[in-house]
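Residue numbers (our numbering), protein chains in the order written: chain A, 4 to 365; chain B, 4 to 365.
Check each hint, because a few of them may be wrong.
Because identical chains share one entry, a pair is satisfied inside a single copy or across any pair of copies.
For lysine to aspartate or glutamate, the following DMTMM-like pairs were computed, each having C-alpha atoms within a straight-line distance of at most 20 angstroms [stated by the list, open to error]:
id	residue 1	residue 2
1	K297	E324
2	K77	D63
3	K236	D286
4	K236	D283
These aren't lab readings, by the way, just hints derived from the structure by calculation.
Spelled out, the chains give:
There are 2 protein chains.
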Amino acid sequence: MSATRFFELPSPFVLRRGGSLAGARLAYETWGELNPAGDNAILILTGLSPSAHAAAGRDDPSPGWWEAMIGVGKAIDTRRFFVICVNSLGSCKGSTGAASPHPDDHLPYRLRFPDICLEDVAQSAQLLVAGLGIRQLKALIGPSMGGMSALAYGVMFPGQAPNMVLISTAPHSLPFATAIRSLQRECIRRDPRWLDGNYASDSWPEDGFRLARKLGMVTYRSAQEWRGRFGRKRVSQPSTQAFGREFEVEAYLDAHADRFVGSFDPNCYLYLSRAMDWFDLADHGGAVDIALAKMQVRRALVIGVPSDILFPIEQQREIAEGLRSAGGVVDFYALPSIQGHDSFLVDFERFAPPVADFLGCL
Amino acid sequence: MSATRFFELPSPFVLRRGGSLAGARLAYETWGELNPAGDNAILILTGLSPSAHAAAGRDDPSPGWWEAMIGVGKAIDTRRFFVICVNSLGSCKGSTGAASPHPDDHLPYRLRFPDICLEDVAQSAQLLVAGLGIRQLKALIGPSMGGMSALAYGVMFPGQAPNMVLISTAPHSLPFATAIRSLQRECIRRDPRWLDGNYASDSWPEDGFRLARKLGMVTYRSAQEWRGRFGRKRVSQPSTQAFGREFEVEAYLDAHADRFVGSFDPNCYLYLSRAMDWFDLADHGGAVDIALAKMQVRRALVIGVPSDILFPIEQQREIAEGLRSAGGVVDFYALPSIQGHDSFLVDFERFAPPVADFLGCL
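Could you build the full structure based on these sequences and the hints that come with them?
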C-alpha cells in the first residue's frame, strides 16, 4: 500500500523559464501530525533521485530512503514534528515530469516537457505547504539538490523558512560538477535508444543510463572509502567480454547501475540534472551573499564532508558564512565521513546527532 | 620530416601474460649524443597517449609533448645527456599495437592483439636500450603510466636504472582510478561503431571515444583550476541540441575531445588503459616495499601534486618512502600545482627546477 498523496498544482502552473504545465501535481508523504497552530511542520526537499517515501509509516511500512533519520525518537522526531517530503516537480516518482502523460494526448511528455529549474521545484513545494494550511515552516531540510531547492525556497519566500538544515549542498554548481553532469547527460543522449527522448517504454536507453549512473557513483563516494573497501580485489568470475569487469569496484558499480536503471526515467534525469547546473543562488540579487541575506534565516545547520568532490566542503562553508553575516545563528560541521557526497545517506552515526540537536533546540 | 626511428624486437617477442608478437617493433626518438662510455643515456617512458616525439630535434623541428623540459640548457639537457623517448609497445604511434598489421594477413590486429601489460612495455624498452649499446641508464624518467612502466623496468632489471625520476605515478592503481578507466573503456565498448573492436578505419567509434576522453580530462585536471578558469561562464553560442552544451567547461571538454579523437586508436587505448589497471608493483615479490627494495635505486626524485585525483600524492609518497627504506637517497616534492594530474605537462615553472637539480647532480 502506498502512502503517497497528491497535491494538485494550480493550472496552468507557470514555470520560471517560460512554459507552463496544465493539471500538474506533486507527490508527497507526511509523518506525524500538524498541530492546531500549524507551526510544527518540517519540509524535506530531496536530492535528484529519491521519491517522497523518506521513511516508513502507517500506510507504507517499507523502509524509506532516509529511514534512519525520520521517525519516533529519531533525529527528525515524528512525535513532535509534522514532516513532509515532496517528490520534486520534474521527477518521475508521482510528481509531474517528462514521463507523465501530456494532457493533450495522454502520451508521455518526453521532450515536450518545458524547461524546469529548481525555483520551480521550490515554488511548487511552497504551494503544497500553503495548501496544507502552513504559513511558516518550523524547519526546511535539504540535502544535495534538495539543499539547492531549499535555498531557492528561502530566497523566493523570505521568512517562511526561518530555520534551515542544509546538507552537502551548494549555492551553485562549480565547473567540475557541471562537467560530470554534462558527461552523464551525454552518456544518455548518445545511447542509440534514446531517440531524442522518444524511446519506447519497453526500450529505454539503458546502456547510456547505466553509464551515467556509474559515473554518478564515482563522484558520490570517495576514493578513500573505496581504497579501504575494495583495494585491488578481483571478482571471482571475471566477465568473458573483451575488456569486461575484473575488479570488485567494477562489480560494485554494475550492481548500483542495475538497481537504479529501470527505476528512474532517463528524460526526467536529464531535466533535473540540467536544473542543478542552471541553479545559481546569485541570480537572486546579484551575489550569493545578497541572496542569503534576503532569506531571513534565524538559525541554520550547515553540514558537509571534506571527502565530497561533487559538493565540496568550501561550498557549505560559503553558505554558513553568508547566513552568519546576515545575522543568522549558524552551526557548521565538516564531518569526517569518508563516504563522500553520499555520506548523509549512509553515515547516520555522524549525521543524525547534529540534526537531532538542531531540531531539539527549536 | 619524421625523427622517428624503429627498433625491431626479437621475433617472436614473448609477452608476460601469454601470447607473442612476430615482427614487432618500437618507435623511438633520441636527442643529444651517446658518449663513448655509453653512460650518459636517459630513457623516458611516456603516459598513455604520447608519441616518442617528446621534443623538437634536427629531423623534426615541430614541438614535442615535453618540449619545455628537453633540449639545450633545459631541465633534461641534451648537451650532456643522450635522451631516448619510446612510444610504448601496444600504442599506435609507430610501435606495434592493436592497430598495426597482423603479419599473417596484413589486416590490423584489432582484438587479435595479445594481452599486453606494463612489464611488456618495460621489457621491450630495455631491449631497445641494450640494442643501442647501453648497459646501464644514467637515469630513467617516467611520468604517469610511464612511471609505472619505469617501476616495472626497475624491478625487472635491477641496477640498470640506478637513478629514477618518477612523476605523478603510482605502484598500482587504486579503485577510484580503476573505476574511471573502466568507465572510459565502457564508453568506447558501448559505441555501436566499436563492433567488438572491428570498426572500419573510416568509421571509428568516435562518440564513445570522445566521451572517454572527456571523462579522462575531468580526472586529469583539478576542480580548483576549473573553478578559477571557467567559473559559471556560458558559451556565447549554446548548442541547439536538446541538453547540449551551455557552459564554457563543456566547450573546453569538447575541444579536447576534438583534438584527441582521430589521433589515437580506440583499441590501443583499451589495451593500454587495462594494462594500467593490471599493473601492480607488488606482483614482483609480494609487496610494494619488497619490489622497491629489489630495484637497487641509488638516487630518486619523486614528484607529485596534491591536486591529482587520479594518482593521489599519497602514492608518490609511498614510492619515495619505500625507496628510502631500501637505502636510496630520495628527493620528494609535493608541488602545489593546481592543474591536477596533468601538471607535469603544463606547470613547467614548478616541474623543471627539481628535475634540473636532480639530473645536474648526477
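* **Hint check against the structure, violated hint numbers in rising order** => none
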